[in-house]
Structures are given as C-alpha cells and as structure tokens.
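As a plain string of letters, each chain reads:
2 protein chains.
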Amino acid sequence: MATAPEQDLPYDVFSRACPSRATLEHVTGRWGSLTLGALYEGSLRFNELRRRVDGVSEKMLSQTLHALERDGLVHREAQPTNPPRVDYELTPLGREVAERLLALIRSVEGRMDDVLAARRRYDEARPEESPSP
Amino acid sequence: MATAPEQDLPYDVFSRACPSRATLEHVTGRWGSLTLGALYEGSLRFNELRRRVDGVSEKMLSQTLHALERDGLVHREAQPTNPPRVDYELTPLGREVAERLLALIRSVEGRMDDVLAARRRYDEARPEESPSP
Numbered sequence: 010m011a012t013a014p015e016q017d018l019p020y021d022v023f024s025r026a027c028p029s030r031a032t033l034e035h036v037t038g039r040w041g042s043l044t045l046g047a048l049y050e051g052s053l054r055f056n057e058l059r060r061r062v063d064g065v066s067e068k069m070l071s072q073t074l075h076a077l078e079r080d081g082l083v084h085r086e087a088q089p090t091n092p093p094r095v096d097y098e099l100t101p102l103g104r105e106v107a108e109r110l111l112a113l114i115r116s117v118e119g120r121m122d123d124v125l126a127a128r129r130r131y132d133e134a135r136p137e138e139s140p141s142p
Numbered sequence: 010m011a012t013a014p015e016q017d018l019p020y021d022v023f024s025r026a027c028p029s030r031a032t033l034e035h036v037t038g039r040w041g042s043l044t045l046g047a048l049y050e051g052s053l054r055f056n057e058l059r060r061r062v063d064g065v066s067e068k069m070l071s072q073t074l075h076a077l078e079r080d081g082l083v084h085r086e087a088q089p090t091n092p093p094r095v096d097y098e099l100t101p102l103g104r105e106v107a108e109r110l111l112a113l114i115r116s117v118e119g120r121m122d123d124v125l126a127a128r129r130r131y132d133e134a135r136p137e138e139s140p141s142p
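Just so you know, the protein sequences line up as chains Y and Z, in that order. Residue numbers for the first sequence follow the working numbering, beginning at 10 and rising by one. Residue numbers for the second sequence follow the working numbering, beginning at 10 and rising by one.
If you are wondering where the hints come from, they were derived from the structure by calculation, not from laboratory data. Backbone N, C-alpha and C fix where the C-beta goes; we use that ideal spot for every residue, glycine too. It is possible that part of the hints are untrue.
Unchecked claim - As a list, the in silico SDA-like pairs of lysine to any residue whose alpha-carbon atoms are at most 20 Å apart:
1. 68(Y) / 23(Z)
2. 68(Y) / 68(Z)
3. 68(Z) / 46(Z)
4. 68(Y) / 101(Y)
5. 68(Z) / 23(Y)
6. 68(Z) / 94(Y)
Unchecked claim - If you want the ones that stay clear, here's a sample from chain Z, every Cβ over 10 Å from chain Y, calculated:
7. 24
8. 25
9. 28
10. 42
11. 52
12. 53
13. 67
14. 70
15. 86
16. 87
17. 89
18. 92
19. 95
20. 98
21. 105
22. 109
The shape of chain Y in the complex, shown without the other chains:
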C-alpha cells in the first residue's frame, strides 16, 4: 500500500485507484496528446485530424476522441449539413489542459538535440545492449 505525501489533495495520479490517473492517460497517451495538440490550433473535422496526427488509424482516432469527449475535454459538433459533417473542438477545460500539454511538447521538442546526444553517449557506453527505440 503506497502512502502518498499529498493525502490531503482530493485527487492524486500516484494512487492507482484515483480516476485522475485514467484522465492523465487520455491526455498524455500517444494519440490523445497529439489530438489535443492538433485541436489547440482550431476546430477540425475527423479526416483533417487524421491527417494532422500522422500515423493514427481511423479506429484509434475514433476511440481517442470518444475518451476525450467523455472527459469533457473535446466537444463534438454535428453540423446540420448534407452530407452531415462533424467538427471537433476543445472545450474551455480541454484548452486549459492542452496549454500545459503543449508547453511540455515544446519543451521536449526544444531539447531533442540534448536528448539525442544523451542517447549516443548511452549507446556508446553499452554497445552490447539493444536499447528500446
């Protein structure tokens, strides 16, 4: 049984039973993070999102959007057009979370030269191991 030092806080991602852990995973998951990042630039239709989030399958993007919509981070708007058209956009809550996420993404992108240099040093010191990608 882990005893977290912040037991006075109502939610704690370090506790496996806390629902905030699942939401953090929706936000930071491979496709969740890229979806929130893409929608931060403005509302997008499903196929626009699919192109922006390079490599996502239709099924995974659909699941990702459902989880984010259920958590109140993404709003799905079916336009009354013919053919019907569905737009996705961030809710105010989604915008707030996406801002923090984008600060993290930009931090990682901005320090990739250092990360790649660290990887080279690590691999040179351990030529016998086959590291994960």
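Since the structure of chain Y is already known, use the hints to place chain Z on it.
For chain Z alone, coordinates are given in the frame of chain Y:
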C-alpha cells in the same frame, strides 16, 4: 503524407518519423510520467520508487528507468556501499521536462471534479454504450 505547418522547426512530434515523438512517449507514458513526477521530489532508490509509483511492476519500472536514462532525463548513481545501492535522480534536463509535466498533472488533478461531471453527463446521454474506463 502529412504536411505539418511548422516545417521550419527541427523537431515535430506530429511527424511520426521524428525522434521527439518517442521521447514524448517516454515522458508521458503511464509509468514514465509518474516516475519523473516522483523523482522531481528528490532522488530515490529503486524500491522507494516502486512504492511511490503505485501499481508499477519491477520489470516495467526497470524498462521505464532505462528509457529515461538513455534520453538523458534520469541519472543512475551506483553507490560504492556494501550491499551496493543505486540511486536515481533527475538530470537538469529531466528537471526541466518534469516541471512542465507536473504543471500538466496538477492541472488534470485540479479539474477532476469537472472531468467526472462531464463523464456523468456523457454516460447519462448514452446509456446504451459501454464507455472505456
């Protein structure tokens, strides 16, 4: 082929070939994020980390630490004691990234009342579906 609007940036997580995407996943992965968050409070030994990151297996924590060490975010220090003892701590780069990550975690934890209310609304409007957790 996705054409990202920020092609002048050297690294872009939206591009599936960019190495920053793997690093973002190490940072935001289920165990990577909690490991970085735990180490932000100070250096920890393996078993201390395992208790703090509630629910992680020995194997997953070991893999997580290797990936973070290889990316230059975590430093592993073997103490010359008997029995030998290994401490893990954030590098300056790891601290920088962990700060952004913790801002995101606190944002999610701080808005969980809204997230749970959104989930209730979503599930009440779609009683026939069985949503993902």
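A quick look at each hint next to the structure:
For the hint pairing residue 68(Y) with residue 23(Z), the CA-to-CA distance comes to about 18 Å; that is within 20 Å, so the pair holds. For the suggested pair residue 68(Y) and residue 68(Z), the alpha carbons sit about 30 Å apart, so the restraint of at most 20 Å is broken. Between the alpha carbons of residue 68(Z) and residue 46(Z) the distance comes to roughly 19 Å, so the proposed pair stays at or under 20 Å and holds. Note on residue 68(Y) and residue 101(Y): the hinted pairing is violated, with a Cα-Cα distance of about 26 Å set against a maximum of 20 Å.
Taking the CA atoms of residue 68(Z) and residue 23(Y), the gap is near 18 Å; set against the 20 Å cutoff, the hint holds. For the hint linking residue 68(Z) to residue 94(Y), the alpha-carbon distance of about 46 Å lies beyond 20 Å, and the restraint is violated. Consistency note on residue 24(Z): stated as away from chain Y, yet its beta-carbon is not over 10 Å from all of that chain's, at 6 Å minimum. Chain Y draws residue 25(Z) into its interface by the beta-carbon criterion, the shortest separation being 4 Å against a cut-off of 10 Å.
Not every CB of chain Y is more than 10 Å from the CB of residue 28(Z) (nearest about 6 Å), against its label as outside the interface. Annotated as non-interface, residue 42(Z) brings its C-beta within 10 Å of a C-beta of chain Y; the closest such distance is 6 Å. At roughly 16 Å from the closest C-beta of chain Y, the C-beta of residue 52(Z) stays outside 10 Å, upholding its exclusion from the interface. No beta-carbon of chain Y comes within 10 Å of the beta-carbon of residue 53(Z); the shortest separation is about 13 Å.
No beta-carbon of chain Y comes within 10 Å of the beta-carbon of residue 67(Z); the shortest separation is about 15 Å. Look at residue 70(Z): its CB is around 13 Å from the nearest CB on chain Y, clear of 10 Å, so calling it non-interface holds up. Every CB of chain Y lies more than 10 Å from the CB of residue 86(Z), the least distance being 15 Å, so the non-interface label holds. Listed as a non-interface residue, residue 87(Z) keeps its Cβ farther than 10 Å from every Cβ of chain Y; the least gap is roughly 13 Å.
With a minimum CB-CB distance of about 19 Å to chain Y, residue 89(Z) clears the 10 Å threshold, and the non-interface call stands. With a closest Cβ-Cβ approach of about 23 Å to chain Y, residue 92(Z) is found to remain outside the 10 Å limit, as its non-interface label requires. At the 10 Å boundary, the C-beta of residue 95(Z) stays outside the reach of chain Y, the nearest C-beta of that chain being 16 Å off. Look at residue 98(Z): its CB is around 15 Å from the nearest CB on chain Y, clear of 10 Å, so calling it non-interface holds up.
In this structure residue 105(Z) is not separated from chain Y by more than 10 Å, as the shortest Cβ-Cβ distance comes to only about 6 Å. For residue 109(Z), the non-interface assignment is contradicted: its Cβ lies about 4 Å from the closest Cβ of chain Y, within the 10 Å cut-off.
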